[in-house]
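Same order as they appear, the protein sequences are chains A and B.
In terms of the working numbering, the first sequence is residues 1 to 325.
In terms of the working numbering, the second sequence is residues 1 to 325.
A couple of the hints might just be wrong.
All copies of an identical chain are treated as equivalent in the list; a pair is satisfied when it fits inside any one copy or across any two copies.
As a list, the in silico SDA-like pairs of lysine to any residue whose alpha-carbon atoms are at most 25 Å apart [as the list claims (entries may be wrong)]:
no., residue 1, residue 2
1, Lys-21, Glu-220
2, Lys-21, Gly-256
3, Lys-112, Arg-31
4, Lys-112, Arg-217
5, Lys-112, Arg-33
6, Lys-196, Asp-132
7, Lys-21, Arg-251
8, Lys-21, Thr-34
9, Lys-196, Pro-230
10, Lys-196, Glu-220
11, Lys-21, Arg-275
12, Lys-21, Val-227
13, Lys-196, Gly-322
14, Lys-21, His-199
15, Lys-21, Glu-42
The hints are simulated quantities; they were obtained by calculation from the structure and are not laboratory data.
Here is what each chain is made of, one letter per residue.
Number of protein chains: 2
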Amino acid sequence: MPTSVPPVTLDDVRDAAARLKGIVHRTPVLRSRTLDALAGAEVLLKCENFQRVGAFKFRGAYHAAGRLTPGQLARGIAAYSSGNHAQAVALAARELGTTAVIVMPQDAPPSKREATAGYGAEIVTYDRYTGDRVALAEALAAERGLALIPPYEHPDVIAGQGTAALELIEETGPLDALIAPVGGGGLIAGSATAAKGLHPGTRVIGVEPEAGDDTRRSLEAGRRVAVPVPRTIADGQALTTPGELTFSLNRRLLDGIVLVGDDEIRDAMRFAFERLKIVLEPSGATPLAALLTGRAGPLPGRVGVILSGGNIDAGRFARLCGAGS
Amino acid sequence: MPTSVPPVTLDDVRDAAARLKGIVHRTPVLRSRTLDALAGAEVLLKCENFQRVGAFKFRGAYHAAGRLTPGQLARGIAAYSSGNHAQAVALAARELGTTAVIVMPQDAPPSKREATAGYGAEIVTYDRYTGDRVALAEALAAERGLALIPPYEHPDVIAGQGTAALELIEETGPLDALIAPVGGGGLIAGSATAAKGLHPGTRVIGVEPEAGDDTRRSLEAGRRVAVPVPRTIADGQALTTPGELTFSLNRRLLDGIVLVGDDEIRDAMRFAFERLKIVLEPSGATPLAALLTGRAGPLPGRVGVILSGGNIDAGRFARLCGAGS
Numbered sequence: 001m002p003t004s005v006p007p008v009t010l011d012d013v014r015d016a017a018a019r020l021k022g023i024v025h026r027t028p029v030l031r032s033r034t035l036d037a038l039a040g041a042e043v044l045l046k047c048e049n050f051q052r053v054g055a056f057k058f059r060g061a062y063h064a065a066g067r068l069t070p071g072q073l074a075r076g077i078a079a080y081s082s083g084n085h086a087q088a089v090a091l092a093a094r095e096l097g098t099t100a101v102i103v104m105p106q107d108a109p110p111s112k113r114e115a116t117a118g119y120g121a122e123i124v125t126y127d128r129y130t131g132d133r134v135a136l137a138e139a140l141a142a143e144r145g146l147a148l149i150p151p152y153e154h155p156d157v158i159a160g161q162g163t164a165a166l167e168l169i170e171e172t173g174p175l176d177a178l179i180a181p182v183g184g185g186g187l188i189a190g191s192a193t194a195a196k197g198l199h200p201g202t203r204v205i206g207v208e209p210e211a212g213d214d215t216r217r218s219l220e221a222g223r224r225v226a227v228p229v230p231r232t233i234a235d236g237q238a239l240t241t242p243g244e245l246t247f248s249l250n251r252r253l254l255d256g257i258v259l260v261g262d263d264e265i266r267d268a269m270r271f272a273f274e275r276l277k278i279v280l281e282p283s284g285a286t287p288l289a290a291l292l293t294g295r296a297g298p299l300p301g302r303v304g305v306i307l308s309g310g311n312i313d314a315g316r317f318a319r320l321c322g323a324g325s
Numbered sequence: 001m002p003t004s005v006p007p008v009t010l011d012d013v014r015d016a017a018a019r020l021k022g023i024v025h026r027t028p029v030l031r032s033r034t035l036d037a038l039a040g041a042e043v044l045l046k047c048e049n050f051q052r053v054g055a056f057k058f059r060g061a062y063h064a065a066g067r068l069t070p071g072q073l074a075r076g077i078a079a080y081s082s083g084n085h086a087q088a089v090a091l092a093a094r095e096l097g098t099t100a101v102i103v104m105p106q107d108a109p110p111s112k113r114e115a116t117a118g119y120g121a122e123i124v125t126y127d128r129y130t131g132d133r134v135a136l137a138e139a140l141a142a143e144r145g146l147a148l149i150p151p152y153e154h155p156d157v158i159a160g161q162g163t164a165a166l167e168l169i170e171e172t173g174p175l176d177a178l179i180a181p182v183g184g185g186g187l188i189a190g191s192a193t194a195a196k197g198l199h200p201g202t203r204v205i206g207v208e209p210e211a212g213d214d215t216r217r218s219l220e221a222g223r224r225v226a227v228p229v230p231r232t233i234a235d236g237q238a239l240t241t242p243g244e245l246t247f248s249l250n251r252r253l254l255d256g257i258v259l260v261g262d263d264e265i266r267d268a269m270r271f272a273f274e275r276l277k278i279v280l281e282p283s284g285a286t287p288l289a290a291l292l293t294g295r296a297g298p299l300p301g302r303v304g305v306i307l308s309g310g311n312i313d314a315g316r317f318a319r320l321c322g323a324g325s
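Same shape as in the complex, but just chain A (with noise of 0.2 Å):
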């Protein structure tokens, strides 16, 4: 963990935009009739449910490998992460023609697990009761010569996640409001980033499950505060404080945090799905979520909203969104 606070600037982002130029996918934004007359806003949808391993997070990690030296890299790099991290790292080692070692629970979902395998990662496993996956993955690390990937306390990770906000301005013009969700804080922090570089007037409204609201306490503190362990379905952002150079840089960016229920969660997925016909995992959906409950509070003109994800399986979507409909 830094310990003086590096920044993360616009023309950081910019860098960051250009390394990934060609390698991710830039994701389409979409627009939605009936989601306009819901918010009462010009509503922009960035997609990154569409982008390379399911989600935003190839952007930080392809961009943060891609920094390493020739040195580091050919010995290799290393991440812990049960989710979308875990893919992104795995594919960027692949990419960028070395090798990866991700931590993972013992009790990942096996769907995720393959998913990793798949782009040629070694994973090692935990007993996530009684391991700890930071001491492990750094041992690890260090034991191997790795660089490791942290999934959002690093200032080429913020970055690289930033530029997805980066393309949406760029294709759309400025934005009145931008609504992203908030985990470790990496994607907001660098979306903010991009998007008040560009225009300092727009809002930056940040999404947190109402049981994982770490970064709304923390922010009303003034200063990091943890939560319990949240039970949420947003699995994305079930974390339980924010990270200390996402946290510097968010209360400093954001302009609010809007909190979301797993109901309201289940209904945006759903939505989604019947009037957007894309799949958004739990985390990908809390954006829209805010919109359609209001929760995100009269909106102005054009508003950006950066779905993040789209990877859950059509049996877990079955179970979380299929009754009742």
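Once you have looked at the hints, place chain B on chain A.
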């Protein structure tokens, strides 16, 4: 039904595209590395599930209605359909500033009925087991002076549907093959007219559900034959016999028909959900099933695929695709 067959030409499709410009969505063309590897070809997915009303049907309906005389249009339009054509005609009427009467079965899914009524159409119901919807719609149209917009058996409808393929080819360049679903035959007749008109060497392959192989049987017999009412999840293709006009075009233009079973369609819907992150209704997924099963045969280099629609609610999707994944 026309007694002498009016031809539909590439120029008709081009005229339709000019009329539809700014009215229909120019739907995105998606690519998938995974699908390319599985299919052994460069696959270009034209996503008509993102079209207005959620299916290609709006193209033909709007084009046919838009070609009416001002006097005809002012008296209103009519259609019979329990599916996507109903919503398409209802929306076309609203956009053109006129009224629509849609003949639907009493037991049509409430969501489809609501969507159709939501566009402002009047709904007239009939009993599917005892009523004749064509006779009812024709009587209604005659009585009220309405112009009947048939779901496929009309040159303006066919030319409108062909604009999906025209857009795809304009965006991506010449295709070695084009694959599209076959129901009444309007989509593939229009698409083949566009594709072969531009590049006569393009192979055009239709896809039918196994239980509803009326066009394949008719092509083999060299004349229109009827099959029993198909039992298939692909409700958009549950027809018993091809149209006279569509068959006259398709017997000249199609290079083959591939059949897919309901389980294969389910697998393709699940693939679209989990890998492509898009929602397809069963009929919309049949061309993908033809690719994934290898039924479409060894494919040449560049293959265009029309994913025709995505109108399925989350509950039905869960019942069809949720188990076992």
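Checked hints:
1. Lys-21 <-> Glu-220: neither (38 Å within a copy, 50 Å between copies)
2. Lys-21 <-> Gly-256: neither (31 Å within a copy, 40 Å between copies)
3. Lys-112 <-> Arg-31: Cα proximity of Lys-112 and Arg-31: across copies only (22 Å, versus 30 Å in one copy).
4. Lys-112 <-> Arg-217: neither (31 Å within a copy, 44 Å between copies)
5. Lys-112 <-> Arg-33: Close across copies (18 Å), not inside one copy (34 Å); limit 25 Å.
6. Lys-196 <-> Asp-132: Classified as neither; 36 Å inside a copy, 62 Å across copies.
7. Lys-21 <-> Arg-251: neither (30 Å within a copy, 46 Å between copies)
8. Lys-21 <-> Thr-34: between (33 Å within a copy, 21 Å between copies)
9. Lys-196 <-> Pro-230: neither (30 Å within a copy, 57 Å between copies)
10. Lys-196 <-> Glu-220: within (21 Å within a copy, 64 Å between copies)
11. Lys-21 <-> Arg-275: Between copies, since 22 Å is at most 25 Å while 31 Å is not.
12. Lys-21 <-> Val-227: Answer is neither; intra-copy 38 Å and inter-copy 53 Å both fail.
13. Lys-196 <-> Gly-322: neither (39 Å within a copy, 42 Å between copies)
14. Lys-21 <-> His-199: Within one copy, since 23 Å is at most 25 Å while 33 Å is not.
15. Lys-21 <-> Glu-42: For Lys-21 and Glu-42, the Cα distance is within 25 Å only across copies (21 Å; inside one copy 28 Å).
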